[in-house]
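Here the sequence shown stands for residues 2 to 327, where the numbers follow our numbering.
Check before you lean on any hint, since a few could be wrong.
[Claimed, not checked] Keeping only pairs whose Cα atoms sit at most 30 angstroms apart, straight-line, the calculated DSSO-like set for lysine-lysine is:
1. K173 <-> K79
2. K199 <-> K173
3. K309 <-> K268
4. K167 <-> K128
5. K268 <-> K4
Since the hints were made in silico from the structure, they are not lab data.
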Amino acid sequence: MAKVSIVIPVYNAAAYIERCINSILGQTFTDFQVVLVNDGSKDNSESIIKELTGQDPRFVLINKENGGVSAARNTGLKHVDAAWVTFLDSDDWLQENYFSGLLSAAGKDPGIDLVVDGYQRVDNAGKVLYTQRFEEEVLAATDFATIFNKHQLQDFGYCWAKLFRKEILQEKVNWFRADISLYEDTLFVFEYLKQATKICFTAQVNYNYLENQQSITTKKRNFDFSYLPFRALTDFTNAHFGTGIEVINKRLAVYMNDALISNYSTKDNREQRLRNLEKFTPGDWQLYKTYFQPFNLFFSLFKRLLVKQQFRFADFLMKNYFKLRS
2 MAKVSIVIPV YNAAAYIERC INSILGQTFT DFQVVLVNDG SKDNSESIIK
52 ELTGQDPRFV LINKENGGVS AARNTGLKHV DAAWVTFLDS DDWLQENYFS
102 GLLSAAGKDP GIDLVVDGYQ RVDNAGKVLY TQRFEEEVLA ATDFATIFNK
152 HQLQDFGYCW AKLFRKEILQ EKVNWFRADI SLYEDTLFVF EYLKQATKIC
202 FTAQVNYNYL ENQQSITTKK RNFDFSYLPF RALTDFTNAH FGTGIEVINK
252 RLAVYMNDAL ISNYSTKDNR EQRLRNLEKF TPGDWQLYKT YFQPFNLFFS
302 LFKRLLVKQQ FRFADFLMKN YFKLRS
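Assemble the whole structure, with the sequences as input and the hints as a guide.
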């Protein structure tokens, strides 16, 4: 049995998958299992994977019909056999000490169930755009003040550049929700955190994230695309972390505003847009009123109308705003 398993969802990744796999083959720690899930790719991703991994028994390739990244990750989780699990996106790549660094951090305390590594954002030209490095620290998983206020886990809720115990994943945590395509990994990490004993933040930066301008987060969204993740995250954090963590509330208020804006990015009729606004709870509007900071005078007026439940005036204002911008 390998020491660590890494799950890689793959969809039309022919341009990147070689770099991704080579970064694994170049690891200083070699006792690993790689689960590649080909999520119905229409390019030659599968043939590239087979050519690169050959007969290497550490690599497992699973082919499935396209179902999205969450379903692909869930499929991969069914096939992991190591005590520790991590994730890698097919267009990203690792530094050579990724596995060894994570496992070394996990070994510092037997109570550590989650390791959080740093990462850097890199563009297609190889330029480093941003580096996230944490201060090294081992914390109780219930120390929400430090986890969220100091280390800002709410802003770094991606599933990659982290190490999870398989035992907890298999027995205590809901996996990735396939019905949402935004913040699904944050919800997954938050659910896992509730089952962990201790969390270790490292000072290492061993993960390279490709800044892809065609990613799902840069595309136009309909209302449910943004609202459903907001609803799931808000309900979970309120139930398990409480409503008193300001930095989480500020982040949720931004997500709520994203959903409000997305209400006007499609061709839904006015009555449908108004019905969408009515899906928000009184608690949501209080959150929005308290924590969302408008970035111009227009959005200040929009916010004021919304929190006063003047939905028809707000709708008229926003619809015309988008017309002027188009």
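Hinted pair K199 and K173, Cα distance within 30 angstroms: Distance of about 15 angstroms is within 30 angstroms: holds.
Agreement of K167 and K128 with the hint, judged by alpha carbon distance not exceeding 30 angstroms: Roughly 35 angstroms between the alpha carbons, so the hint for K167 and K128 is violated.
Proposed proximity, K4 with K268 (alpha carbon, max 30 angstroms): 51 angstroms, violated
Pair hint outcome, K309 versus K268 [Cα-Cα no greater than 30 angstroms]: The given pair, whose Cα atoms are some 25 angstroms apart, holds under the 30 angstroms limit.
30 angstroms limit on alpha-carbon distance, applied to hinted pair K173 and K79: 14 angstroms, holds
Checked against the numbered hints given earlier, the structure breaks hints 4, 5 and satisfies all the rest.
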